Structure formats: structure tokens, C-alpha cells
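Chain residues, written in single-letter form:
2 protein chains.
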Amino acid sequence: MPVAIGSRDPARAEEAAGRARSAAGTGDFSAHDNAQAAREADTVILSVPFRNHSETLANLKEALSPGKLLIDATVPLAAAVSGKATRMLGVWQGSAAEQALEMVTQGVRVVSALHTVSAASLTDLEHPLGQDVLLCGDARADKADAAALIERIDGLRCVDCGRLEMARIAESLTALLISVNARYKIHSGIHLTSLPERLWT
Amino acid sequence: MPVAIGSRDPARAEEAAGRARSAAGTGDFSAHDNAQAAREADTVILSVPFRNHSETLANLKEALSPGKLLIDATVPLAAAVSGKATRMLGVWQGSAAEQALEMVTQGVRVVSALHTVSAASLTDLEHPLGQDVLLCGDARADKADAAALIERIDGLRCVDCGRLEMARIAESLTALLISVNARYKIHSGIHLTSLPERLWT
Chain A
3 MPVAIGSRDP ARAEEAAGRA RSAAGTGDFS AHDNAQAARE ADTVILSVPF
53 RNHSETLANL KEALSPGKLL IDATVPLAAA VSGKATRMLG VWQGSAAEQA
103 LEMVTQGVRV VSALHTVSAA SLTDLEHPLG QDVLLCGDAR ADKADAAALI
153 ERIDGLRCVD CGRLEMARIA ESLTALLISV NARYKIHSGI HLTSLPERLW
203 T
Chain B
3 MPVAIGSRDP ARAEEAAGRA RSAAGTGDFS AHDNAQAARE ADTVILSVPF
53 RNHSETLANL KEALSPGKLL IDATVPLAAA VSGKATRMLG VWQGSAAEQA
103 LEMVTQGVRV VSALHTVSAA SLTDLEHPLG QDVLLCGDAR ADKADAAALI
153 ERIDGLRCVD CGRLEMARIA ESLTALLISV NARYKIHSGI HLTSLPERLW
203 T
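From first to last, the protein sequence lines are chains A and B. Residues 3 to 203 (our numbering) are what the first sequence spells out, left to right. Residues 3 to 203 (our numbering) are what the second sequence spells out, left to right.
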């Protein structure tokens, strides 16, 4: 599956694509500016500091056309306004994901996911992840599509946590994990107990 | 270790003590009204519907004397005002636990814990829990005392999640678990990955 990496700065996208190529050994990674990347893809993963969330979505308004799946991993940490990374900002819509839903063209399918999986553990290919990804979204089919993509990553299990309004809780878990990580010097993730190994058919 | 069970209605406390006696087979369980129970104990676990949280603490003002450890497991679910159990109320102080801290006599040590462990899994003695308990509190020593008590329950590991202000996130996880539980018909709990088995010495 081809991966189009976007950045406001195409040189940084090229760097990231290079890192992905050498880490993966195989695969099709291309570099673009954000709008180009979003135009290329049917599924767009948005993972930006909250400081840039609203501006990025405004700039992607045209590129994100109806029918595309937007997986939003953004977390409104207070760090966005020079506060602590263990504190959350209050977002009027409830969450970054609900802000995204308000900003995109009608028909763009928004799922909130991937907040609690640290970059450090994702890029550490030596250790199995063994983590859950909390999915929130208003349509079960959109969550199933997101799960099918995300579960291609070994060791990630997607859990349907309900409607997009639940994203405020899933997002805030990131701040809690940052607190735990700082205390224990680890990169922790979430696992929900008592669930079957496979949740999507 | 003797356990004093309190209720607004002493008959219900007696019922609960009876259930505990027959489930545990052994142990010292006594029944009281809330103030009596709080007066008896050095460590008080407060687990009430949020609707009764503030009133209960007001009534316990005298009984909860300085030096006692208050473990607050209360969650401000919107169900308290006839809303959904998957939604949270905004508490001005930030969380039920911070409301508790504001209400108790100075010197009462407040730790927030046990929100995510369901009554159903706690009373199911056949299946190991294998869950984490998220602890929030302003003093490490208070959290260590809470952990020493809670970890007497097989299969529970206490994780220090930071200051009491983090309780708003730990409490809200309950609403997320309620959503997951309703969807998958289970009683799920939380496990944080990448942490050592034993966190308290």
C-alpha cells in the first residue's frame, strides 16, 4: 500500500519518507506538501500539534473531498499554549476530532484514533506493541475501515469506543500516559482487559 | 484487616457485610452508618453515585479527621443528572476527587483510585483481575499507602498517574469503559503496557 507523507515543509516530508524507507526496508513512501498528500490518499491520518490543527484543516478543505476517511490522532495538550503536556485544553466542540468534523467538508468520514500509541514504540520494530487503539466515530463502517488499516500494524488491536463524542476521553488519555511515562521513564500504551483478541471481522 | 462497611441505611450496610462474609468465607466485616464507618477506619474508601458525593462528604466532615486516608472512587457521570453513563459532568474543581479535597478537613489525605475496576469483576472471584488501578494524589506517600492496601487484592497493580489534578482523566476513563462494555457485553478494565510487574517497594 503506497504511503504519501505530507508536511508543511516538503523537505521534512522527504526526510520522514527516507526514515520510513530505511526502517521498513520495503514499501512505497512518497513525500508531498500536506494538500498534495491529502489529495493523493483515500485515507488521511492527521497527526499534528494541536497548535496547528485548525489551520491545517482549513488549508486541507479542498484536498479532503467527500468520501475520504480522516483518521485524526491530534490531542489538545496544554503544551500547545506553552502549558503542561499532562494537561488538556478545553475545546469548545469537545475534542480535536469533533473540531475536525466541524471543519471538513460534509461527507468526509472522521474517526478519532491512535492518540495513545507513542511514536517511540511505533518506531521500535524490535519490541511487539501489544497495545489497543481506541477508535471513536459516528459510523461503524468508518471505524471498521480505520481498524482494517491500523491493524495491519502488528500488535495493535482496535477497540470501538463509541461515537465521536467519546474522543475527548480517548484524547485525554494521552496526557495521563505522558504523566505515567515521565514518572516511570517508559513509553506506555493502553490495553483493555477481557476483550477477545479479534474484534473486527 | 477489619472492614467497616457504611451506608446511609444501616440495613443495607448489614446486607453488604453479609455478602462480603459469605463470598470471602473469612474476614472481619462490620456494618455501620457512614459516619460511624468513617470514624472506625484509618483508611476510608468513598464509592458513591456522584449525585450523593458532596452531601456524603459534608456529613462526614467530623468523622473524617486529619491524618486519615480518603480513597475516592467516585466518578461524575452524567447519569447523576439523568444523562448518559458514557458522558461526564464538568466539575468546577476538575474532578470528584478534587471536590473531595476541597470539602474535607485540612490534613485528610486524598487519593483518587479504583474508578476503572468494575464491581462485577471485583466480585467474580473465579477470574483473575489482571488490571491496573490508576492512582492520583498530591503526596507520593499517600499513594504508596493506598497502593499497599489495594494491592492486597490479587491481580490489581497500582500505577502512580501523578497529582490529584490527573483524577479528571482517570475518572473519565470510567465513562469510556462503560461505552466499551455496553458495545462488547463485557466488564473491561485498564492495563498499561511496558510497566514492571511491581511498582511499589
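Just so you know, the hints here were simulated from the structure itself, not pulled from any lab data. Do not rely on the hints blindly, as some may be mistaken.
When chains are identical, the list treats them as one kind, so a pair holds in a single copy or across two.
In silico lysine to aspartate or glutamate, EDC-like type, Cα no more than 16 Å apart, as pairs [claimed, not checked]:
#1 Lys-70 to Asp-144
#2 Lys-187 to Glu-199
#3 Lys-63 to Glu-104
#4 Lys-86 to Glu-17
#5 Lys-187 to Glu-128
#6 Lys-187 to Asp-11
#7 Lys-70 to Glu-199
#8 Lys-86 to Glu-104
#9 Lys-86 to Asp-44
#10 Lys-70 to Glu-42
#11 Lys-86 to Asp-147
#12 Lys-86 to Glu-167
Keep in mind the model is a prediction, meaning the values are calculated, not measured.
Checked hints:
| no. | hint | in the structure |
| --- | --- | --- |
| 1 | Lys-70 to Asp-144 | within (10 Å within a copy, 50 Å between copies) |
| 2 | Lys-187 to Glu-199 | between (28 Å within a copy, 15 Å between copies) |
| 3 | Lys-63 to Glu-104 | within (11 Å within a copy, 46 Å between copies) |
| 4 | Lys-86 to Glu-17 | neither (29 Å within a copy, 46 Å between copies) |
| 5 | Lys-187 to Glu-128 | neither (18 Å within a copy, 34 Å between copies) |
| 6 | Lys-187 to Asp-11 | neither (32 Å within a copy, 46 Å between copies) |
| 7 | Lys-70 to Glu-199 | neither (28 Å within a copy, 43 Å between copies) |
| 8 | Lys-86 to Glu-104 | neither (26 Å within a copy, 23 Å between copies) |
| 9 | Lys-86 to Asp-44 | neither (35 Å within a copy, 34 Å between copies) |
| 10 | Lys-70 to Glu-42 | within (11 Å within a copy, 61 Å between copies) |
| 11 | Lys-86 to Asp-147 | neither (34 Å within a copy, 27 Å between copies) |
| 12 | Lys-86 to Glu-167 | between (24 Å within a copy, 12 Å between copies) |
Checked against the numbered hints given earlier, this structure breaks hints 4, 5, 6, 7, 8, 9, 11; the rest are met.
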